[in-house]
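These protein sequences, in sequence, are chains L and U. Heads up: the first sequence begins at 91 in the numbering used here, then just goes up one per residue. Heads up: the second sequence begins at 2 in the numbering used here, then just goes up one per residue.
Treat each hint with caution, since some may be false.
From the structure, some residues in chain U lie toward chain L, with a derived Cβ separation under 7 Å [to be verified]:
| no. | residue |
| --- | --- |
| 1 | PRO5 |
| 2 | LYS19 |
| 3 | PRO334 |
| 4 | TRP351 |
| 5 | PHE353 |
Hints were generated in silico from the structure; no laboratory data involved. Predicted model only: the values in this text are computed from it and were never measured. The beta-carbon is built from N, C-alpha and C at its ideal position, and this holds for glycine as well.
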Amino acid sequence: MPAYPGTTLDELRHFVGEVKLVAALAEDQEQVDKFLELREAGSAIEYIVYEDKRGLNTYDAPGLLSWEELHDKGETNLKADPQLRERIVNRVTPDDPAIFLHSSGTTGKPKGIVLSHRNVIAAVRNAYSGGAFNYGEEVLAYLPMAWVGDFALTVAAAIAFRFTVNVPERQETVLRDMREIAPSLYLAAPRSWDNLLTSIQVGIENSTPLKKWLYHFFTDRAIAWERRKLDGQTGSHLEWLGRLLGERIIFGPVKDLYGLSRLKSAFTGGEAIGEDTFVFYRALGIKLRQLYGQTENAAFNAIQAADEVKLHTVGRALPGVQVKVTGTGEILLKAESVFRGYFNNPMATEEALKDGWLHTGDAGYLEDDGHLVVLGRVSEVVHTKRGERYVPNYIENRLKFSPYIKDAAVFGAGRDELTAIVCIDLEAAGHWAETNAVPYVSYADLSQRAEMAGLLRDAFHRVNKALPESLKLHRFVSLHKEFDPDDGEITRTRKLRRAVVEERYASVIAALYDGSKEIHVKAAVTYESGEVGLVERTLVIREV
Amino acid sequence: MFYPLAGVRHQSYLSDSKLFPVPTDRNLLIVLTIAGIGAPFLLSSLYLNSYLQPWLIWTALALGLNLATGWAGQLHLGYAATMAVGAYAAVHAARFGIPWEFALLIGGLAASLIGSLFAFAALRVKGLYLAIVTLAMQFIMDWVLNHSPVISGGSHASLQSPRFALLGQEIASGRGLYYVALGWCALVTVFMMNLQRTALGRALVAVREKDYAAAILGVNSFYYKLIAFSTSSFIGGIGGALLVATFFFLAAPEQFGVNVSIQVLAMIIVGGLGSIIGTYFGVALILLMPGIANEILANAAALFRLPLGNETLAHIPTAVYGALIVIFLLVEPLGLGKLYANIRDYFLVWPFDQFKK
Chain L
91 MPAYPGTTLD
101 ELRHFVGEVK
111 LVAALAEDQE
121 QVDKFLELRE
131 AGSAIEYIVY
141 EDKRGLNTYD
151 APGLLSWEEL
161 HDKGETNLKA
171 DPQLRERIVN
181 RVTPDDPAIF
191 LHSSGTTGKP
201 KGIVLSHRNV
211 IAAVRNAYSG
221 GAFNYGEEVL
231 AYLPMAWVGD
241 FALTVAAAIA
251 FRFTVNVPER
261 QETVLRDMRE
271 IAPSLYLAAP
281 RSWDNLLTSI
291 QVGIENSTPL
301 KKWLYHFFTD
311 RAIAWERRKL
321 DGQTGSHLEW
331 LGRLLGERII
341 FGPVKDLYGL
351 SRLKSAFTGG
361 EAIGEDTFVF
371 YRALGIKLRQ
381 LYGQTENAAF
391 NAIQAADEVK
401 LHTVGRALPG
411 VQVKVTGTGE
421 ILLKAESVFR
431 GYFNNPMATE
441 EALKDGWLHT
451 GDAGYLEDDG
461 HLVVLGRVSE
471 VVHTKRGERY
481 VPNYIENRLK
491 FSPYIKDAAV
501 FGAGRDELTA
511 IVCIDLEAAG
521 HWAETNAVPY
531 VSYADLSQRA
541 EMAGLLRDAF
551 HRVNKALPES
561 LKLHRFVSLH
571 KEFDPDDGEI
581 TRTRKLRRAV
591 VEERYASVIA
601 ALYDGSKEIH
611 VKAAVTYESG
621 EVGLVERTLV
631 IREV
Chain U
2 MFYPLAGVRH
12 QSYLSDSKLF
22 PVPTDRNLLI
32 VLTIAGIGAP
42 FLLSSLYLNS
52 YLQPWLIWTA
62 LALGLNLATG
72 WAGQLHLGYA
82 ATMAVGAYAA
92 VHAARFGIPW
102 EFALLIGGLA
112 ASLIGSLFAF
122 AALRVKGLYL
132 AIVTLAMQFI
142 MDWVLNHSPV
152 ISGGSHASLQ
162 SPRFALLGQE
172 IASGRGLYYV
182 ALGWCALVTV
192 FMMNLQRTAL
202 GRALVAVREK
212 DYAAAILGVN
222 SFYYKLIAFS
232 TSSFIGGIGG
242 ALLVATFFFL
252 AAPEQFGVNV
262 SIQVLAMIIV
272 GGLGSIIGTY
282 FGVALILLMP
292 GIANEILANA
302 AALFRLPLGN
312 ETLAHIPTAV
322 YGALIVIFLL
332 VEPLGLGKLY
342 ANIRDYFLVW
352 PFDQFKK
């Protein structure tokens, strides 16, 4: 049962309450402390195994072991009893649990999900026959362990298809390690791809005029070509030549610097990806593909084919996965990789599994050629006062395609018009402010600057262009802080917890609709130490 | 752009310290080696034996001085003296009937011995004082050569070098002599490249940076300075012997005067102290530039019918050559080697900027 490193004690307590934990594997002192606190609170964790012994010298809690000690113990036991290995291996059957994960908890408490060996092996087999990867891929194990994508790829697929799994030295060295390792298979959330794109663009902006000019010369043309390819057109011979030259002069070196040059399969999953980001990587020569899956069926449902990409679909269902869409527009799945039910939660199980079909809770439809389109969560489909149907998440994602918007929350259920709260992206916006001589002292300060509002307004205009008249966004507030998983506003996988946001910022939302020009807010901030602080700020309400 | 590094990784310290961490550097060297081997088939004997061959011999010599001055940081103004010892010892040995392989070795060992003897005395002082003491070594050697007919045959005499032969095979052709120079230069280059990644090389650098700081680290600075001098003298001795045996064909005292010492020092300073590729560039500039500048100017004068007298024609290249050295050192005081490193760095992070990334 993996947990995110930033998991709070409360969340851990919830996990521990579900099952009887025998042993806990902790990285360092910080995590060991959490378990010791849990133990004090009454949970019976017998062993705590740690990897990094820094700061743990004076600890003498019973059952505290270092990884080496555990390893030595195992070795002694194996030597003492030669049949032990075989007995342990034979004890497991295909239907025994392989991993205990949790749903991301976008709505309510995370639900426990147990995937059996059969589930995960079936999932990676389906993915393999669907062309997601091959034998012997080189992968970088950098994803959060508690995300199903990490387990499916760096454990299940790695074992079944003999991958070389490379573990980065530290969190801070991931970028450098990425270059050393140059993976052939890489799965990342759209956010990571966005960050990488931002990093490349910032690097180029800081470069010399000649290199900047060369970069834009080749990249702009390649992007334009990719866009036309998405529309079903082809390029001319001249463009083909430009592509070839660009690969030598710009694309190749850029890919090399970021360790993307050996990439054969690149995936994005979890959320929708921005068109700009998507097209950029295709232009760079990276066959970025969308992947659709959820924890309940071990991450692999549908992928796009490398050469047959439509931006709005997630590709065809994998071999071995049956898909159908109900009358209400919910996507149903049937596959060997689908789990047996939520842990100790028969009610939720009954809702999710009917006649062997997994009710994903995702709204979507199948296109004529078998491509699956995912719109958002069924539970998230809401109506405006005039009865217009929309998925807030869909609009939010489109807002987030702007590099300056890190998070967004769209409101309008039961109201006349749509409004939004956005959080700026400090890295991109900060860099923009530096290059355009906009002074600021902090995140909160920058978020309220008029220059920033201009940038945000552009993003809103672009999104509005693609929306029907009745669903256009009318007003927005740029929030003085980012949404933070520690404050419960988003999940650890950075999905919005709408109920929390609506409750916490009720006054802001009210102000968005009552015609006020600004709103004074007091917000509670949870610091990493667990203390709660109070931040006061006046936020400006801006018209789009 | 030319230096792909993705996927280059090391799983042990041993592999991390290998000769070519960047594959492109290795490929470049392979290409250059092939070019070096193929040169006799592509170039006329004029270019081969009047440009390439001396360039290689002097590069090997300059690398030897760079070991003492660039790596160990000991200013050496008497390098030509060690060359002289090597040259005369080898020529005398060869005239005595000893095969050239051993004669060269005797030359190197003799130079190493004399160099070490001087170093014993000289290394009691540091910096400028050391420079003066090594200069004294140069003058003593000049005096000895001019006043010992047994060694040099007298003050204005020259000593004929016997026909050069290796492994019993006489080498007289231009190509053959070129390959001998190429082989020796390659050997010294490989030695110097590997020196950088050994404990000895690191100790030398530690001594260069601050000898008492090195002593605190447990590096016996006197011992390593001595090693630097004796190794440098050994390379200088064999280089001097090869210069006589394959290029001058006779040994004379004025070939090893103080001006030669200064010239070799200029080569490594212009090229870059402690830089191998820089040494190649530095030697090329100091040794070949006057000739090339002369040729270009003469051709230009003929082409554009410039009314220049012979006197002017002879002096302009010297002025250009001097100006070039000044310009290069103004642009990059660390030498041509650093200039090359800058260009390499530029392409290493292409298309990003090397100072920001």
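Hint check:
With its C-beta approaching chain L no nearer than about 5 Å, U:PRO5 sits inside the 7 Å limit, and its interface hint holds. The interface hint given for U:LYS19 is violated, since its Cβ lies 15 Å from the closest Cβ of chain L, which is over the 7 Å cut-off. Checking U:PRO334 against chain L by beta carbon gives a least distance of about 23 Å; that is not within 7 Å, so the hint is violated. Here the hint on U:TRP351 is kept, as its CB sits about 5 Å from the closest CB of chain L, short of 7 Å.
Using the Cβ-Cβ criterion of 7 Å, the hint placing U:PHE353 at the interface with chain L is satisfied: the shortest such distance is roughly 4 Å.
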